[in-house]
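**Q** Chains as they are written, first to last, in our numbering: chain A, 13 to 492; chain B, 1229 to 1408; chain C, 4 to 325.
Because the hints were derived from the structure by calculation, they are not lab data. Quick caveat, the model's predicted, so the values are computed rather than measured. C-beta atoms are modelled at their ideal positions from N, C-alpha and C, and glycine is treated no differently. Do not take every clue at face value.
Unchecked claim - Just so you have them, the derived chain B footprint on chain A, three or more residues with Cβ under 8 Å:
{"#": "1", "region": "19 to 28"}
{"#": "2", "region": "75 to 87"}
As the list claims (entries may be wrong) - Derived BS3-like pairs (lysine-lysine); straight-line CA-CA distance at most 25 Å:
{"#": "3", "chain 1": "A", "residue 1": "322", "chain 2": "B", "residue 2": "1317"}
{"#": "4", "chain 1": "B", "residue 1": "1317", "chain 2": "A", "residue 2": "452"}
{"#": "5", "chain 1": "C", "residue 1": "120", "chain 2": "C", "residue 2": "198"}
{"#": "6", "chain 1": "C", "residue 1": "114", "chain 2": "C", "residue 2": "242"}
{"#": "7", "chain 1": "C", "residue 1": "136", "chain 2": "C", "residue 2": "242"}
{"#": "8", "chain 1": "C", "residue 1": "266", "chain 2": "C", "residue 2": "204"}
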Amino acid sequence: MSGFSIALIGFGAMLVLIAIRMPIALAMLVVGSAGYAYLNGMHALIYYLRVNAYSQFASYTLSVIPLFILMGALAEGSGMASTLFRAAERRLGRVRGGMPMAVIAACTGFGAICGSSVATAATFGRAALPELRRAKVDPGFGTGTIAAGGTLGILIPPSVILVIYAITAEQNIAKLFQAALIPGLMAATFYCIAIAIIVRRKPELAPPLEITPPQATPRPVWARPLGAIAVIAAIGLWSVGYANTVGALLLGIVGLVFLLLDFAIIPAAAVAIIVVGGIYGEVFTPTEGAAVGAATMLAIGVAQGSLDWKRIKVAFLQTAETTGMIFLILLGAEVFGAFLALTQMPMGLAEMIGDSGLSPYAVVWGMLVAYIVLGAVMDELAMILLTLPVFMPIVLTLDFGMTSEDVAIWFGILVLVVVAIGLAAPPIGLNVFVVNKVAKDVPIISTYKGVIPFVLADLIRLALLTAFPALSLWLVHVLN
Amino acid sequence: METPAPPDSAPDVRWIDRLAAALAVAGGTLTCLAAALVTVSVVGRWLFNSPIPADYEMVEIAVGVSVFAFLGQTQARSGHIAVDTFTLKLPARVNATIDGVWDLVLAAFLGFFAWGLFAGGMDARTNGLTLIQLPWPVWPVYLLCSVLAGLACVIAVATAILKIIHRLPPAVHTSSEVRE
Amino acid sequence: QDTVTLKLHHFLPPVSNVHARLLTPWAKSIEDESQGRLKVQIFPAMQLGGKPPQLYDQAANGVVDIVWTLPGNTPGRFPSTEVFELPFVAAAEAKANAPACQEFGETHIAKETADTKILCFWAHDAGLIHTNKEIKTKEDLAGLKLRNPTRLAGEALTALGATSVGMPVPQVPEALAQRAIDGCVIPWEVVPSVKVDELTKFHTAIPGSPTLYTTTFFLAMNKGSYERLSDDQRGVLDKLSGMHFANLAGEMWDTVGKEVGDKIKADGKGVVSSISEEEKARWIEATKPVHIKWVEDVKAKGLDGDALIKTAQELIAKYGKA
Ligand code: NA
Ligand code: NA
Chain A
13 MSGFSIALIG FGAMLVLIAI RMPIALAMLV VGSAGYAYLN GMHALIYYLR
63 VNAYSQFASY TLSVIPLFIL MGALAEGSGM ASTLFRAAER RLGRVRGGMP
113 MAVIAACTGF GAICGSSVAT AATFGRAALP ELRRAKVDPG FGTGTIAAGG
163 TLGILIPPSV ILVIYAITAE QNIAKLFQAA LIPGLMAATF YCIAIAIIVR
213 RKPELAPPLE ITPPQATPRP VWARPLGAIA VIAAIGLWSV GYANTVGALL
263 LGIVGLVFLL LDFAIIPAAA VAIIVVGGIY GEVFTPTEGA AVGAATMLAI
313 GVAQGSLDWK RIKVAFLQTA ETTGMIFLIL LGAEVFGAFL ALTQMPMGLA
363 EMIGDSGLSP YAVVWGMLVA YIVLGAVMDE LAMILLTLPV FMPIVLTLDF
413 GMTSEDVAIW FGILVLVVVA IGLAAPPIGL NVFVVNKVAK DVPIISTYKG
463 VIPFVLADLI RLALLTAFPA LSLWLVHVLN
Chain B
1229 METPAPPDSA PDVRWIDRLA AALAVAGGTL TCLAAALVTV SVVGRWLFNS
1279 PIPADYEMVE IAVGVSVFAF LGQTQARSGH IAVDTFTLKL PARVNATIDG
1329 VWDLVLAAFL GFFAWGLFAG GMDARTNGLT LIQLPWPVWP VYLLCSVLAG
1379 LACVIAVATA ILKIIHRLPP AVHTSSEVRE
Chain C
4 QDTVTLKLHH FLPPVSNVHA RLLTPWAKSI EDESQGRLKV QIFPAMQLGG
54 KPPQLYDQAA NGVVDIVWTL PGNTPGRFPS TEVFELPFVA AAEAKANAPA
104 CQEFGETHIA KETADTKILC FWAHDAGLIH TNKEIKTKED LAGLKLRNPT
154 RLAGEALTAL GATSVGMPVP QVPEALAQRA IDGCVIPWEV VPSVKVDELT
204 KFHTAIPGSP TLYTTTFFLA MNKGSYERLS DDQRGVLDKL SGMHFANLAG
254 EMWDTVGKEV GDKIKADGKG VVSSISEEEK ARWIEATKPV HIKWVEDVKA
304 KGLDGDALIK TAQELIAKYG KA
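Please put together the full structure from these sequences, using the hints given.
**A** Set out below in structure tokens:
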């Protein structure tokens, strides 16, 4: 039997097991193990798996995942997440489609400190869902919005997927984060446009808020002038050549908070300033930022009095449940990936694309389509780890009229968009599952229906980002 | 004083929840310690040029151990992601039995990991294996994870049996009634 | 008779020099020499699963047939190999280090590596200190946060007054870009793959031999896989492993090292310099305690550290002259 057909049988078996209620992680583990044993022997399987679970769990790169999840759980426990959502709700609540847009806005803000898509989806699944219900937003549309909004956790830097891409493709993480900023904000904008279009056609999906949104904490009189001065100073610093300094950036953020937003979100903004400032101010690495963020969140919550031991314990229980779920999937994906490597299928697929003699852009599109197909049936992280070592050298030999570093950064952003699509799209969209765990009364089919407009928005964005590399590269060039 | 539980309803499985929760809280505390360690190390490096040596490795170990501690909670809360769209029409008892069987399969893997980590830990002890940056032996970490994997296995076996004898309902991943 | 395909597993990406310029040509030469009866299929980037520290056991337990790995990935397990990683023992050229290790390995590491068939044991060339600050004297190292390549090199850096930071190689570019570390200590060959040429400006060498440090490597094979080969297949493998492979490896590191170093000099982006001979003497003096501590540590494992150091130095001198 050829490796290709063995791989296909493996995929088929996995889908059948998943259809009969086997947890996805377990299905990958079972099929991966069986395939590994079939191709390499039972003895090899036993010794490969013996301590492998520990080796996979004890990974520095992946340590950011539980830290981001903990950060999300603490943000929810301390009320910070719902404060963020309420702040957005106060500005947008009366607009048509304002409630779902507030979810997107809150996810964007949270995405600036949290680098995990699943953690963001889980956090706002718990923090925003009750409010969406109160506002009588269609259940499937609401869960779909949260599942899509969750992807902003990785689309807005910091981002676990970009860290893993950077390490696998040997690229500079800081530059990738810079490159992701404009596409990330584009994502948030496109999601809001998608909501606006949907609500215009079907107003009953998200009726405007009838009840008065909760009042903001009153701001002292000096807040606005001070904010205005800070923003002007930041622009001034930027224009005289301090574009690269943290000072300008931070001053700008602080100024905007004082000028535009509620004082209620100051604790959340403080965490953001410490994490973003620390990363861009070269105090710590983006990977370390996850730990600093979680620790800061805990410290601020405790200092504020919004986190007591009881709430911390609840946060621990939520962190445990989600982390255990994700790491078992990662382990299953690793074993399934090792099985696929033995069949040589992913490498064969990548070579086929590389040898196809197509134009550079067609090759990139071919790869992105392959990713969307693979992403439908397997874990996105495993997909990247398996295919990048083959795709990367091919991409770097293509001539786009850019330096190889630019190509690598641009391709990384495209991969990121594809991953976000895979996280939200059927049949296996991790974010949809996570939101559905919180909203058990909403049929999963409804969530998938709710997610469709956002996936379409992502596809349009993907086309734009592919056609115009400058959208990703411009900021990198300006800042370096 | 004691209200007799109605037949076939929620049995007393609080020990499972308590064990899983205790492990989760321990793991969560360890994760917080890792976060604090990195923060202290980063601040030390920034202000005093003295990071905590081998902080990377300690974070790896803390997270590795925590994840093993977390597995029981995911199991106890039916937190693993599964698709129940195609089996919604089946009676709850059938679904519970199916879930119980899969719990047993997972328990088998967890039991295997517990054994593997124990055996691997003993080998590491014989070979004198240490951490990368610190000359500390690595086998106690393996042993601890072996125990935690064993406890997760116990929890999975317990939920499996309870589901198979219909003392626990099947996991609910999505709605059993479609609204439209 | 049957064609045998051996699976070779390693952790570097397929674009790495070790994969593209050492292992791939070597696999090809085995296939050619055996007229296609023995093949080596290479799986880079841990594609067959596991993490780098598990590689050696994967060979020992027959998960794969051959692995390329570092003894330093499983510290404490191969104490004798550490002798070459001590400060100021190795030569500046891999041409000398690689065969010296191989000869040393044939007689001195058999007991520690009894669970595999070691096809080759070798070491790379001199490592350089890559920083954003010029280094002329020991005092310039004071307080610099340098990523160490091995635990022993870390002890040497500490002895020289630097702050030694341990972190996985993939984290290095991120940490350098964020100034979480001030520099790192690696040979030229690794420089492009971790972008150290873009992230640091000064590349400081230590003149001549002995040099500051080196890292050792294994090409280890499963014993059963080795014994299952037919006589002529094993003959081909034996011929192309051992000293033959050590020389190939030595040449690869020296050639690639020179290419990278020359390119950086030609580009003019980085400053390549050496510390003076007098300064080097001070560094050797300052790192003496690392030797003393190591000799004490391995005594507990029943090894005569002083004798091992002497043997290693003699072998390096022998191949250094050739
Ligand atoms: Na983010
Ligand atoms: Na997917």
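**Q** Would you mind marking each hint as holding or not holding in the structure?
**A** Structure-based check of each hint:
| no. | hint | in the structure |
| --- | --- | --- |
| 1 | 19 to 28 | violated (count 0) |
| 2 | 75 to 87 | holds (count 4) |
| 3 | A:322 <-> B:1317 | violated (39 Å) |
| 4 | B:1317 <-> A:452 | holds (17 Å) |
| 5 | C:120 <-> C:198 | violated (35 Å) |
| 6 | C:114 <-> C:242 | holds (23 Å) |
| 7 | C:136 <-> C:242 | violated (47 Å) |
| 8 | C:266 <-> C:204 | holds (14 Å) |
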